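Trainee: The chain contents come next:
There are 2 protein chains.
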Amino acid sequence: MSSTEKDESIFKALANATRREILDALKDDPKTTGELCEVFPALNRCTVMQHLGVLEAADLILVKRQGRVRWNHLNPLPIKEIHERWIGPYAARAVDLLARMKSDLESEDTPAAT
Amino acid sequence: MSSTEKDESIFKALANATRREILDALKDDPKTTGELCEVFPALNRCTVMQHLGVLEAADLILVKRQGRVRWNHLNPLPIKEIHERWIGPYAARAVDLLARMKSDLESEDTPAAT
Numbered sequence: 001m002s003s004t005e006k007d008e009s010i011f012k013a014l015a016n017a018t019r020r021e022i023l024d025a026l027k028d029d030p031k032t033t034g035e036l037c038e039v040f041p042a043l044n045r046c047t048v049m050q051h052l053g054v055l056e057a058a059d060l061i062l063v064k065r066q067g068r069v070r071w072n073h074l075n076p077l078p079i080k081e082i083h084e085r086w087i088g089p090y091a092a093r094a095v096d097l098l099a100r101m102k103s104d105l106e107s108e109d110t111p112a113a114t
Numbered sequence: 001m002s003s004t005e006k007d008e009s010i011f012k013a014l015a016n017a018t019r020r021e022i023l024d025a026l027k028d029d030p031k032t033t034g035e036l037c038e039v040f041p042a043l044n045r046c047t048v049m050q051h052l053g054v055l056e057a058a059d060l061i062l063v064k065r066q067g068r069v070r071w072n073h074l075n076p077l078p079i080k081e082i083h084e085r086w087i088g089p090y091a092a093r094a095v096d097l098l099a100r101m102k103s104d105l106e107s108e109d110t111p112a113a114t
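Protein chains in written order, with my numbering: chain A, 1 to 114; chain B, 1 to 114.
Hints were generated in silico from the structure; no laboratory data involved.
Computed from a predicted model, the values in this text were never measured in an experiment.
Hints are not guaranteed to be accurate.
What the hints assert, rightly or not - Here are the computed lysine to aspartate or glutamate pairs in the EDC-like style, where the Cα-Cα straight-line distance is at most 16 Å: (1) A:K80 x B:E84; (2) A:K27 x B:E84; (3) B:K102 x A:D59.
Unchecked claim - Stretch-level coverage of chain B by chain A, calculated; a stretch enters the list once three of its residues show a Cβ under 8 Å from a Cβ in chain A: (4) 1 to 9; (5) 17 to 29; (6) 41 to 53; (7) 70 to 83.
Glycine is no exception: its CB is placed at the ideal position from the N, C-alpha and C atoms.
If we strip away everything but chain A, and leave its shape as in the complex, we get (with noise of 0.2 Å):
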C-alpha cells in the first residue's frame, strides 16, 4: 500500500462517528469483540464487525486471536503520525502553551456564580 493509499485508509476510517467511538472503547484496554458488541447495544455484531474490519484495514487497531475470542488493540501509531504530520515534535510545546493559554481564557470568559 502507497503512503498516500494507507492515509486515505486512515482518514475515511477516522471519518466515522462510531468507528471514533470504537478507538474510544479501547483507549484504555483491550477488548474482545463481544465486550465492544455489549459497548454498542444499538449496533449487531455484523456491523461492529465490519467497522472492526474497516479499522484493522486502516492499521488503526491490531487484531490478536486467541482460540476463537478476538482481542482488538488500539494502535496509537498512526494517530500519533497525524500530530506529527502537522505539528511535530518542535512544534509540540508552543502548542501546549497555546492550549493552555484557551483553556485559562475561556475560563475566565465563564461568568462567576453568584
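Got chain A sorted already, so can you dock chain B onto it with the hints?
Mentor: What follows is chain B alone, placed relative to chain A:
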C-alpha cells in the same frame, strides 16, 4: 456547534487528500490564498477557496484578512485534540518508544547494500 458536530466537521475535512495537502502547505508558515493557488496549479481558485472554506468551518485553519489579502494559518489545536483523545499525555512517552522500536526494526529489515 456541539462537540460531536465539531468532530464530524474536523474528520470530514481531513478525509479529503487535497485538504490534507493544503494543511501540509501551511505547516511551516501561513500563506495567502494566492500563494496556495500557486502550490496547487492543477486546481482553479474557486476549488481552492471551497477547500479553504471547509477547513475554516472545521477550525483547522484560522483566517486573517489584511485589506484584500486573506492569510491562511494552520490551527494546530484540533490536531492536538486528536492526539489527546486517543493517546493522551501519559501514554505519549510509551508511544514514542514504540515508534522508535518500529523504525529500528524496519531499518534492520532493510537488506544491506552489496
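Trainee: None of the hints should be skipped; say for each whether it holds.
Mentor: To see whether the hints hold, each was checked on the structure:
1. Restraint check for A:K80 and B:E84: satisfied, since their Cα atoms lie roughly 10 Å apart, inside the 16 Å limit.
2. Restraint check for A:K27 and B:E84: satisfied, since their Cα atoms lie roughly 11 Å apart, inside the 16 Å limit.
3. Of the pairs offered as hints, the one joining B:K102 and A:D59 holds, with about 14 Å between alpha carbons and a cut-off of 16 Å not exceeded.
4. As drawn, the stretch 1 to 9 of chain B meets chain A at 3 residues by the rule of a beta-carbon pair under 8 Å; at three or more, the given contact holds.
5. Counting residues of the stretch 17 to 29 of chain B whose beta carbon lies closer than 8 Å to any beta carbon of chain A gives 5, which meets the minimum of three for the stated coverage.
6. As drawn, the stretch 41 to 53 of chain B meets chain A at 0 residues by the rule of a beta-carbon pair under 8 Å; below three, the given contact is violated.
7. Residue count for the stretch 70 to 83 of chain B with a Cβ under 8 Å from a Cβ of chain A: 7. That meets the three needed, and the coverage hint holds.
Of the numbered hints given earlier, the model fails hint 6 alone.
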